[in-house]
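Participant: Residue numbers (this note's numbering), protein chains in the order written: chain A, 1 to 315; chain B, 1 to 568.
Worth flagging that the hints you see were computed from the coordinates, not collected in a lab.
For glycine and all other residues, C-beta sits at the position ideal for the given N, C-alpha and C.
Any given hint could turn out to be false.
[What the hints assert, rightly or not] Residues on chain B that point at chain A, a partial pick, calculated with CB under 10 Å:
id, residue
1, Gly237
2, Leu264
3, Arg281
4, Gly285
5, Ile336
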Amino acid sequence: MTTPLHSPPDFRPESAYPQLASIKAAARAGDWPAVARHFDSRPGTDDMVMLAVGVGEVPGAEVMLARAAAEEEASTLPEFLLGARCLELAWDARSSKLAKHVSREQFARMREHLCNGEQLLIDVTALEPQHTAAWIFRIKNGMGLSTGLAEARRRYDQVAKHDPHSYRAQVAYLNQIYPKWGGSWETVWTFVRERAAAAPEGAINATLIAEAHYEQFVWTEGDERRRFWQRPEVVNELYAAAQRSVLHPSFRNVYGWVTAHSLFAALFCLGERHDLAAPHFRALGGLASDFPWSHFGATATESFTKHRAIALRKG
Amino acid sequence: MLYTTEVDGVPTLVAPTAGPMNVGLVFRVGQADETLPTHGITHLVEHLALHDSGLSDYHYNGATASVYTHFHMQGSEADVVTYLGKVCAGLRNLPMHRLDTEKEILRTEARSRGGYPSMPLWRYGAQGYGLPGYPEWGLFRLRPEDLRSWVDTYFTRDNAVLWIAGNGVPAGLRLDLPGGVRRPLPAATSALPATPAYFCGDDASVLHTAVVRRSTPARMYADVLERALYRELRQEGGFSYTASTSYDPRGDGYATVSAYADALPEKQGAVLGGFIDVLARMRLGRIEEHDLASVRTKTLESLTHPEVEAARLPGHALNLLTGQPLSGIEQLRAEITATTLDDVRAVAVEAAATALLQTPARGQADWAGFTEAPTTSATVAAGTRYLYREDPQYALMVGADAVSVVQPESFQTVRYAACAAMLTWPDGARRLVGHDGIVVHLEPTLWHLSGPGLSVLDQAVHPSLHIAMPARDPESIPQPDTRQKSRGQAAAAPVGSGRNGLEIVGMVLLGLLSGFFALIVLLFAGYMLTADTLESADWTILTCSGVGAAVFAVPLYLLLRTRRARRR
Chain A
1 MTTPLHSPPD FRPESAYPQL ASIKAAARAG DWPAVARHFD SRPGTDDMVM LAVGVGEVPG
61 AEVMLARAAA EEEASTLPEF LLGARCLELA WDARSSKLAK HVSREQFARM REHLCNGEQL
121 LIDVTALEPQ HTAAWIFRIK NGMGLSTGLA EARRRYDQVA KHDPHSYRAQ VAYLNQIYPK
181 WGGSWETVWT FVRERAAAAP EGAINATLIA EAHYEQFVWT EGDERRRFWQ RPEVVNELYA
241 AAQRSVLHPS FRNVYGWVTA HSLFAALFCL GERHDLAAPH FRALGGLASD FPWSHFGATA
301 TESFTKHRAI ALRKG
Chain B
1 MLYTTEVDGV PTLVAPTAGP MNVGLVFRVG QADETLPTHG ITHLVEHLAL HDSGLSDYHY
61 NGATASVYTH FHMQGSEADV VTYLGKVCAG LRNLPMHRLD TEKEILRTEA RSRGGYPSMP
121 LWRYGAQGYG LPGYPEWGLF RLRPEDLRSW VDTYFTRDNA VLWIAGNGVP AGLRLDLPGG
181 VRRPLPAATS ALPATPAYFC GDDASVLHTA VVRRSTPARM YADVLERALY RELRQEGGFS
241 YTASTSYDPR GDGYATVSAY ADALPEKQGA VLGGFIDVLA RMRLGRIEEH DLASVRTKTL
301 ESLTHPEVEA ARLPGHALNL LTGQPLSGIE QLRAEITATT LDDVRAVAVE AAATALLQTP
361 ARGQADWAGF TEAPTTSATV AAGTRYLYRE DPQYALMVGA DAVSVVQPES FQTVRYAACA
421 AMLTWPDGAR RLVGHDGIVV HLEPTLWHLS GPGLSVLDQA VHPSLHIAMP ARDPESIPQP
481 DTRQKSRGQA AAAPVGSGRN GLEIVGMVLL GLLSGFFALI VLLFAGYMLT ADTLESADWT
541 ILTCSGVGAA VFAVPLYLLL RTRRARRR
């Protein structure tokens with residue numbers, strides 16, 4: 001049998017989001033008009049972020065973007081995308097190693113890229129204060145630049161003023177308010193529960209609950225860690241969050257849906273509730289995201305495939 | 001309305017007023033004309049000249065500013081004649097018997113005023129327009145002959161302008177001043193290799209200055225900026241209580257636009273971010289038409305005040321003294337009316353290029369395109385090397401041309417040829433301040449000195465730059481072996497754990513007990529005592545405030561305390 005649910009999972013984000021695949025192809029080809037066309041339909045905040053992340057991931061895209069920035073005075077699009085590219089360059093310069101293995105020079109290069117991108121985006125948001133996607137990249141920049149919690153909140157509020165249910169903005173801000181970045185669990189839980197409840201039913205936002213539980217799990221040790229996913233209040237809250245968001249009948253596959261289902265599936269599997277994970281595996285239909293699966297087992301494929309097989313038998 | 005005349009050779013501006021007569025005698029001399037070793041001399045002259053004015057029941061005052069000195073009075077014609085007569089007599093024959101007393105009064109005045117403005121020294125260094133950022137150290141060395149020579153040079157009828165708000169020149173008014181020449185403004189120096197630049201402040205507030213060409217649009221830019229900052233930081237963000245700006249002509253055709261916003265400590269990041277975004281919007285021309293319109297209306301309204309001509313007299317007097325044009329009300333009105341959003345934007349662009357930003361404590365602004373103002377020197381002195389007693393990683397280099405303190409991450413060098421002043425204490429301590437504002441403070445007790453040691457400095461630095469400081473309380477002289485004692489005394493201090501914090505608190509508590517000058521000294525005692533155990537990040541903070549650290553004892557302590565508190 002070779003249905004998608006029994007084949008090796010497809011982890012490529014491009015497979016889930018055709019627009020992402022298309023803009024990356026255009027960026028790789030250095031075809032600025034083709035890149036720019038993706039924005040003609042005035043995509044919403046989170047789709048703008050997806051497209052910018054896509055362009056940002058293409059090595060060398062900065063050459064095309066810098067040229068476009070010089071040529072197109074009237075539009076902030078090249079600067080916005082260049083800002084996104086700078087963020088990617090920054091994290092490339094840092095590498096994904098633990099901080100103690102990152103050299104001073106690497107941190108200095110990272111900061112340089114972040115500063116370059118931030119200055120572009122300062123101008124973009126000054127010219128277009130309603131450019132919510134640019135503000136989201138500034139939330140991300142702020143984390144790398146250590147501009148602090150109050151500034152992160154100010155940037156998030158600039159998004160929320162125009163788009164109160166931008167999931168990408170909420171995830172970006174959530175990352176900043178984790179205790180590891182100077183925030184507190186109290187702030188985290190207040191924020192995610194409030195934003196999950198405020199979003200309409202069938203919106204992706206309640207996935208924030210799963211994000212926060214997973215982060216808390218990572219920082220839990222000993223017995224508490226072993227029992228973490230069995231705690232009924234955790235399972236119940238996750239279940240309710242999934243029902244409200246990605247499993248709701250009115251849910252549409254917006255940017256982030258693959259990671260959301262992957263996350264819910266993984267967390268239910270960690271709690272040995274493969275029955276509750278099954279609908280998420282089915283919804284994925286053969287797609288998957290690295291996060292969080294790459295954290296379990298030797299490879300994301302191995303752990304994902306193993307748990308999916310159990311889940312599909314049980315649920 | 002306004003007319004000009006002359007009183008005993010002094011150009012005089014007269015405008016009518018409905019109220020009591022007001023007069024001002026303005027001289028083209030101020031702190032920016034001084035040097036660090038003579039800093040305070042103009043202020044001292046002003047005090048001495050006023051000492052015998054004998055009109056304690058009346059409203060009179062003297063003010064020493066950056067480029068002018070102003071003797072002002074409100075009263076009857078007869079009082080004005082008496083007052084100005086006594087001021088001129090006082091200047092001609094300074095009451096030198098009052099010298100020590102007035103010096104004490106000035107020190108008290110400085111103490112009660114609190115700190116010194118930080119912007120001037122970071123922008124201009126330890127000279128010229130930077131001097132208002134420094135204590136009046138000249139008070140320790142100024143002699144009667146220095147003051148007489150200063151008066152002869154600057155307090156002359158050719159370097160003065162009189163303004164009168166009233167019905168003409170009062171009968172019997174004499175201004176008996178010696179002849180001289182009109183003194184040009186000092187040239188502006190720079191301690192900033194690149195602008196826009198930033199430095200870390202010592203509290204949660206944000207301060208921003210820019211130097212732009214003096215103009216009506218520039219004045220209006222300052223007011224528009226205030227409205228934008230107030231809206232962003234107070235009305236919408238709720239981060240600040242105060243958000244304000246000021247516009248101050250420097251005298252030489254340029255003006256300083258200053259902007260300030262306060263913040264709660266936990267909101268300081270948002271104030272900095274919001275401040276930077278407001279500046280960016282101004283620079284990119286996203287200026288609200290209604291802001292400009294209301295600034296225009298308000299400014300025009302102020303020109304319809306019946307006393308407007310009288311109110312503009314002091315400014316006119318300064319313009320006359322500095323060779324700047326005197327524009328009439330009608331011209332001003334026309335300029336205000338004609339100012340467009342594009343004009344204001346052009347000023348914002350000019351301001352952005354010369355900006356100097358003081359960030360809240362620990363705040364960086366490189367991300368917004370501001371270059372860090374120098375806290376470290378470009379070169380290290382070549383010469384004899386001495387080690388710090390507590391940590392051999394810190395070295396002192398005493399050379400024939402310069403002296404350096406070398407730390408693992410940075411170094412401070414003062415070249416003798418570019419030394420603004422050297423403070424000397426009877427116990428051997430020396431502090432050199434470079435023209436660029438870089439400070440090298442040396443406590444002989446804390447270094448392994450041998451051979452000529454610090455005596456090289458006394459030969460190498462020109463005697464006219466030496467400032468002999470009074471003897472210190474022996475307890476306040478840092479000793480490596482007294483550190484335990486200091487720490488013990490500070491055990492009850494509010495800062496709990498942290499060896500460095502306790503040491504600093506201990507030093508500062510001792511300093512507060514030892515009085516003002518000991519306090520200044522102790523800052524550096526604390527600075528050097530703890531130097532060996534501070535981390536590199538601490539050094540960044542310390543050196544960040546280091547240029548000004550010589551004068552900011554208490555703020556530095558608060559800064560360090562805040563830092564310690566946050567890290568726990």
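Participant: Does each hint fit the structure? Answer for all of them.
Facilitator: To see whether the hints hold, each was checked on the structure:
1. Gly237: It holds, given that the least Cβ distance between Gly237 (chain B) and chain A is near 6 Å, below 10 Å.
2. Leu264: With a closest approach of 9 Å, the Leu264 (chain B) hint holds.
3. Arg281: Given a least distance of 4 Å, the restraint on Arg281 (chain B) holds.
4. Gly285: holds (9 Å)
5. Ile336: With a minimum Cβ separation of about 26 Å from chain A (threshold 10 Å), the hint on Ile336 (chain B) is violated.
Violated hint for the displayed structure: number 5, the only one.
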